[in-house]
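Using the hints provided, position chain R relative to the given structure of chain E.
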Amino acid sequence: MVSIRMEAIGGQGANSAGKILAEAAVLKAGFSGNHFSSFGSEKRGAPVRSFVRFSPAKQAIRSASFVRYPDVLLVFHENLLRTHPEIFDGVGSETDIVVNSSLAPGRLRVPRGASFRTVYTVDATEIALKVGCGLNAVMLGAVAEAVHEVDAEYIRQTLSEFFAKLPAEAIARNQTGFNEGMKRLRSAEFALKQASEQLVAAALPEIGYMNAPLGGIIANPGNTVLKDNSASRKGVAPRLNRELCFNCGLCDMVCPDFCFVWDPNGPKLQGIDYQYCKGCQKCVVACPVDALTPVLESSIPESDRQYHVFPEANRDAVRARWQNADWSKLASEISPEMRMLTLQTELLDHRSYIRPDLSHVKKPDVKE
Amino acid sequence: MMSGAVRAEQVERFLTGNEMVAEAAKAIQFHFMGYYPITPSTEIAQLIDAMRSRGEVSTVLLPADGEHGAAGACFGATTGGARVLNATSANGLLYSLEQLPVQAGSRLPMVLNLVTRSISGPLDIRCDHSDLMFALQTGWIILLAATPQAVYDMNILAVKLGEHPDVRLPVIVASDGFFTSHQRQSVQIFKNSETVQRFLGPRLDPVTSLDPRHPITFGPYMNDPDLINNKYQLHLAHEAALRVFSDLCAEFEALSGRRYSALETYEMDDAETALFLLNSAAETAKDAVDRLRKTGKRVGLLRPNILRPFPFEELKRATHKVNSVVIGERSDTPGSTGGPLSHEVKSALLSDHHCDVVAVSRVYGLGGRDFKEEDAETLIQTGFDAIQNPSGVPSFGFIGATPGTPHSIPPSVLPPLSRDQLSTKLVQIEQTPEQPKSKVRSVVADPSQLVMRPKRIAPGHGACPGCGIFSGLDQFFKGIEGDVVVLYHTGCAMVVTTDFPFSAHRISYLHNLFQNGAPTLSGLVEVFHEKKRRGEISIGEDITFVMITGDGGMDIGMGPTIGTALRNHRMIILEYDNQGYMNTGGQLSYTTPLGKETSTSHVSRTTHGKAFHHKDTASIMAATGIPYVFTAIEGYGTDLVAKAAKAQWYAQNSGLAFGKILISCPLNWSAEERYGQEILQRAVDSCFFPIFEIENGLTTLSYDPETAGKKIPVAKWLEMMGRSKHLLKTEHSQTLQQFQDEVDRRWRRLRAMSAHPDL
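Protein chains in written order, with the working numbering: chain E, 73 to 440; chain R, 364 to 1122.
Hints in this document: simulated from the structure, not taken from any laboratory. Among these hints, one or two may not hold up.
[To be verified] Under the rule of at most 25 Å between Cα atoms (straight-line distance), these lysine-lysine pairs were calculated in the PhoX-like manner: (1) R/Lys978 x E/Lys340; (2) R/Lys818 x E/Lys299; (3) R/Lys1088 x E/Lys237; (4) E/Lys340 x R/Lys818; (5) R/Lys554 x E/Lys130; (6) E/Lys237 x R/Lys1092; (7) R/Lys1088 x R/Lys978.
Only chain E is shown next, with the shape it has when bound in the complex:
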């Protein structure tokens, strides 16, 4: 049996890619197989996992669980390696990984101690932009090249049939993207010295029943600032030309992701926080003077990427401060709300319940 896990962001087409691959294996190659995806509510930008299993054997595949130990791991955006390290769960020296990246396979940043069989990369974002096809068409081409069990022709055919309702040009572009994905797949045997035979096991969640606050509350206002939305972009982002900007504020009015960085001392636009920008370009349309233009993300220089809406919320810094710190000293940083709502009894502090100052309270004027 071949087990494939696809890791992506909503909108990149991993669910469709999984369907297409499984249909090719089952309906064209005559294998037994199944497919399903795991996603949140129907959003672009949320993590999506797509699972495919197939086998030339006739026995039906019964397992309805996630693919924990993939033979092939398909990663639809290189940034996921950084932002979602848990995608490596269950990966080991028998796993091939295929990553959408412009880097050579040997230069990918992978978790320390992880090992793989073969590492593949394909610059699917660039190909998809250039060809004008779906990212998933390119990724399917890449997986067709990397996985030999299912004839690439079957996958190619299923891709066309799946999108049969699209105009003929769009179908043709998908075919081009698929072929480019096959052709431009780069591979390298994985031979890092520190590689171990161990499977990667994703860390258990840091928050569990001992330290999760009761009632499911989140006593940490605004902590989404630690998130990184950059994998939601499709290769294009706005760039600010400060020479042209006259600080009218219209970009700030239309931005859904609050990524404009203003001088705290006065309304002067400094830059864009690319940690949050999802590349929608509403600001580009709103800007009255062309101070904001859409550019290829890869062309944005490092000097433009140094602006942060919340410099104090640097994810790595917060994490490091927490992990390396002396617990007893840090206890004061925990909000009282968190302390009274944990099951860790040594932290329980009922004195911190919010008690109103009742010294001046008048008796309720209720007749008894």
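Structure of chain R alone, referenced to chain E:
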């Protein structure tokens, strides 16, 4: 010859559980389906609507205003002697719960597909069986479908079982959310729907409400001594159902070659321990059983296909020789050391006078937590341990709950916003005694100054690129001074800002399910004022209370919202209208314009998109007599900021303020993300979405495109969205004209009201 049934011709397909419900529905040709979208069952109505648009089914689809309404619509339809379908999940089932015993107690057969999902709260959209357990008491028959194939088969069996003269009961078909509903497998379906039609025969009802020559009273007022007899009849029907089910399974096997029984026994012949599991987890566990069997462990598996009536006798027979049983439950009944399943299995074991069987319960897989082969092995091992050392193995426990990293409580990231930061004086309110229709006017700084107000929502939320909700909400909050407490209805804005353990809200936030946000917030508002009166909150404190809802929440929650408005609490309700149920994948809402294509209003040569006109929520709310109603769009200068400031003034001084803002949804409008503002502007210029205020009952247009010479036909707006541009084609010209006429009619009426001193 035996029953005379001949194996019917079938075709192989590769389909999901939800797709198999739709395939079964196509073969059954239900008269009617009432539904309300909820993940993960929503696809069922979508798929049947798509079949309708292709002319494959003629089932009437009724998009109800909530699951309670959907269940009511189905109840009404069944009194007319129709084959009726419904599909729901989780809180959808709970919201319709009171209707379920009505359906069963009235002995009116229908089919409800329950695609199981965890019930709130906290809100979780993934699979467990906490919803299913609430259905056990309703009097419905419950069939279980472990695989996509079983989903198809059980739907067909459900119709025939429910309609059987000895049974006459509604039937739930329960399959696992995502694990089955979204899992694609090789399946077989009957080549000709006549096969299914012949198997079922026509629906026969002894009486219906549609036969005036034979008048019937459905639903009497019945006290003692009669009700107990009605319930005894229900009990007898359930007794009969088990026998009928087994007969039908034999008949169905002859037709399909697929065998079902009340209780599936897998490798039970010489098993020492047995695992009892429902649905998809049992399929996964079979792999574990096979693997352990190869190592010589004598283990078997029990999986019921029917849960109501519960197969007691079958279970007794199957467990006769085992030494232990492990009951896996995908839900918990807190405080009961095992849910209904545990207690029912244990009572079957006890009634066998075979008390040396050790039974242990383990809760697993809540809220979609994956159940892997290795988890099944853990449960099986527990069974063997319990035989070895019965007193050493706890009779109840959880698997898969994790403690977290000790002492690791993430430190606060951002400090709370201070009152000084929030009191910017960027917007101010002036009294306007000279104005005939308005008491106050807001004075707003220009956008370049407004950027200095700290945002009450932090970046890093998970909305789609180009989502209009957050630019809209931020513009609104730019107009609000001081402290704010918000309540968000279930919907996109809620889901993408509060993904545990992260919250994008820098101010106090509550969620409640979207039937009920307005009453929830009104309770808090009243407590705030009472605590202030008692001196428990200092008199200087002021908080503005704002409820945020989508247009979906204004459908399902309309009644409670009107009630809240009639009570005139000092709060603001803000509706962000993106013209559909976008959080569940773009189904029609009541504000969706006529003719627009959504995932439940498909467009074809014979179907024309949404079939009824958009809802005028602002007028409905104005009719409650609240002091302030406004409409606005994101991006129209500082209009929305100014209206927010006025809403705050009214909420502080007069009572409830309601605002409705149109915002863009590039994903479900099939529109380019960057053109959000332009699309909204055209919605206003076409007079589809006029922007106006109603203050103390007096209407004032904020902008008159006709006077400004900018009025455009609605087609100029519709052409910008992939989901509505079909209306420009000739085959939909009649729909377009109807829509244009309605928009013009409402516009003329509004304009006249604006011009009139008393309206």
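Going down the list of hints, with the structure as the test:
1. R/Lys978 x E/Lys340: Roughly 42 Å between the alpha carbons, so the hint for R/Lys978 and E/Lys340 is violated.
2. R/Lys818 x E/Lys299: holds (17 Å)
3. R/Lys1088 x E/Lys237: At roughly 16 Å apart (the allowed maximum being 25 Å), E/Lys237 and R/Lys1088 satisfy the hint.
4. E/Lys340 x R/Lys818: holds (16 Å)
5. R/Lys554 x E/Lys130: Status holds; Cα separation ~22 Å.
6. E/Lys237 x R/Lys1092: holds (18 Å)
7. R/Lys1088 x R/Lys978: holds (21 Å)
Against the hints set out earlier in the document, a violation occurs for number 1 only.
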